[in-house]
Structure formats: C-alpha cells, structure tokens
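For the sequence shown, the numbering used here begins at 16 and goes up steadily by one.
Any given hint might turn out to be false.
Taking lysine-lysine pairs in the DSS-like style, the calculated list, with each CA pair at most 27 Å apart, reads [unchecked claim]:
no., residue 1, residue 2
1, LYS199, LYS91
2, LYS101, LYS164
3, LYS91, LYS163
4, LYS164, LYS181
5, LYS199, LYS164
6, LYS141, LYS181
7, LYS199, LYS181
8, LYS82, LYS101
9, LYS91, LYS141
10, LYS163, LYS199
11, LYS203, LYS101
12, LYS159, LYS203
13, LYS254, LYS91
14, LYS199, LYS82
To be clear, the hints were calculated from the coordinates, so they are not data collected in a lab.
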Amino acid sequence: MNRISLLLIVVLSATALLLTRTSMPGFSQEPGPQPKAFIDGTGPGWRTLGEGDFTNVNCYEDTWSWKDGMLICTGKPIGVMRTRQKFTNFELVLQWRHLRSAGNSGVFAWVPEEALTDLKPDSLPKYGIEVQALDHGFREQYEKNSGKKGEFFTTNGDIFAVGNSKLNPFPPLSPNGSRSFPRKNLSKGAGQWNHYYVRAINGEIRLWVNGEEVSGGNNADPRTGYLCMESEGSPIEFKGIRIRELP
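Generate the whole structure from the sequences, applying the supplied hints.
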C-alpha cells in the first residue's frame, strides 16, 4: 500500500467518525456559551477610589468607615458620601454586599454640587442618576409594609433619574416608564458579593451585573458631577472601588 492510499484511508475514516458524531442525539454544532465581558478594573488608566477620595455629605461621622480597603456603611441615617472629584465620562467597578435581607443602597452618578449643598440627614440628592443595589428581600418587605405590589422596581440593577434629572431609560421599562429594568436577573442575595461595572459616556450610562450587561439609558441631564455612595437604612459593604476616566 503506497502512502497516498494510506493517507486517503485515514482521511475517509476521520470524516466518517465526524459524520457519526454529528448525527448522534444531543450532539450540537452550535457554539457553546460565550465568555462574559467581565471588567475587573485592571489595566492602563484604572485607579482605586479609597478613603481619601471621598467626603461625607449628610451622614453621621460613624456612618461610613474604612477597614483594609473595604468601605463599610451602617445605613443610618439615610444620606450619601461623595467623591471629592467630579466626573463626566468614566468606567467604574465595585463589589457590594448587603449584610441583611431587604437591604437598600446604590451609587449615584453625575450629582451636581447644588444637589448636595445644605442636604440634611435622612434625605437624598434630588439630582443625578441612580444605579440601584437592592437585596432580593426588599420586595417582600415593601409589599408587607405598604400593602402594595412591588411592581415599580426590581432587585437586579435598576437605573433611573433622580428627582428633577432626566434620562431616556433603555427597555425593558418600569410600568411608569421611568426606570430601566434589567434584562436578566443576576444579582446575588444578602451576604454574597455582587460585581457592578458602570460605563458612563456622553450622557449614556450602562450597567453590567456580575459580568453581563443588564440596564442603562441615554440623554441624561445632568451628565457631569460627583459620584455618591448611598446609605439607606441597612448595613452594606463595598470593596474594589476603581475608576477610569474617559475622554
């Protein structure tokens, strides 16, 4: 048998094996799951936002504390702390976890200075775009306390304009059209770390939860200002807060 004949036999055998496999039940030629676009805040231009980058606005002295690079919030009173610097176009990554069920918090983007001036404890800014961080137990608590259906929010990463701010939210939308609801339910429950990646460019803001894009909006007004961390009634921890400014 010459080399050409031997090579032909090998090729035909391999082809037959492939055809047999593709005809087997359960065998698919479709590509498998695609890798998530997980942005971890490393690479050129990224920097950490630490204790020296924030200042208290209307909380108690002990509402916010830092330990080993982790930001710890008691949740009382309702209020915010802000970055010392204003941002316009940026990428932000952070991890957060509620320490008990029904926790409520979030991150405000593009908060103007006038929205923070003379802000009293137990109040929140009336301008800015909120990227919400709710625990799954919040819906049950809300419905029990209010006697109403918790239909105007989700617990998986809503984005919405605060007060007199403006935003064109991406679908799916809340019943009144003011919030961008997440396309997927990816948030983890109390005690577990969640990863947020926020990209804000030219008045457009998008959120990735645990590696997948879920919500956003555009045509925001305002579209420059402070970043604010929210205290809203329950203890929460943040870590790995990093930012990269964009042109």
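27 Å limit on alpha-carbon distance, applied to hinted pair LYS91 and LYS163: holds (25 Å)
Agreement of LYS203 and LYS101 with the hint, judged by alpha carbon distance not exceeding 27 Å: This hinted pair is violated, its Cα atoms lying about 30 Å apart.
Given pair status - LYS141, LYS91, alpha carbons within 27 Å: The given pair, whose Cα atoms are some 19 Å apart, holds under the 27 Å limit.
Restraint check for LYS199 with LYS164, where alpha carbons must lie at most 27 Å apart: holds (20 Å)
LYS199 paired with LYS82 [C-alpha distance capped at 27 Å]: violated (33 Å)
LYS159 paired with LYS203 [C-alpha distance capped at 27 Å]: Holds: LYS159 and LYS203 sit about 22 Å apart, inside 27 Å.
Holds or violated: LYS101 to LYS164, with C-alpha atoms at most 27 Å apart: violated (37 Å)
Distance restraint between LYS199 and LYS91, which requires alpha-carbon spacing of 27 Å or less: Not satisfied, since the Cα-Cα distance of roughly 31 Å exceeds 27 Å.
Pair hint outcome, LYS163 versus LYS199 [Cα-Cα no greater than 27 Å]: Status holds; Cα separation ~24 Å.
Hinted pair LYS82 and LYS101, Cα distance within 27 Å: Judged against 27 Å, a Cα distance of about 25 Å means the pair holds.
Holds or violated: LYS164 to LYS181, with C-alpha atoms at most 27 Å apart: Satisfied, since the Cα-Cα distance of roughly 26 Å is no more than 27 Å.
Given pair status - LYS91, LYS254, alpha carbons within 27 Å: holds (19 Å)
Hints 1, 2, 11 and 14, counting from the list given before, are not met by this structure.
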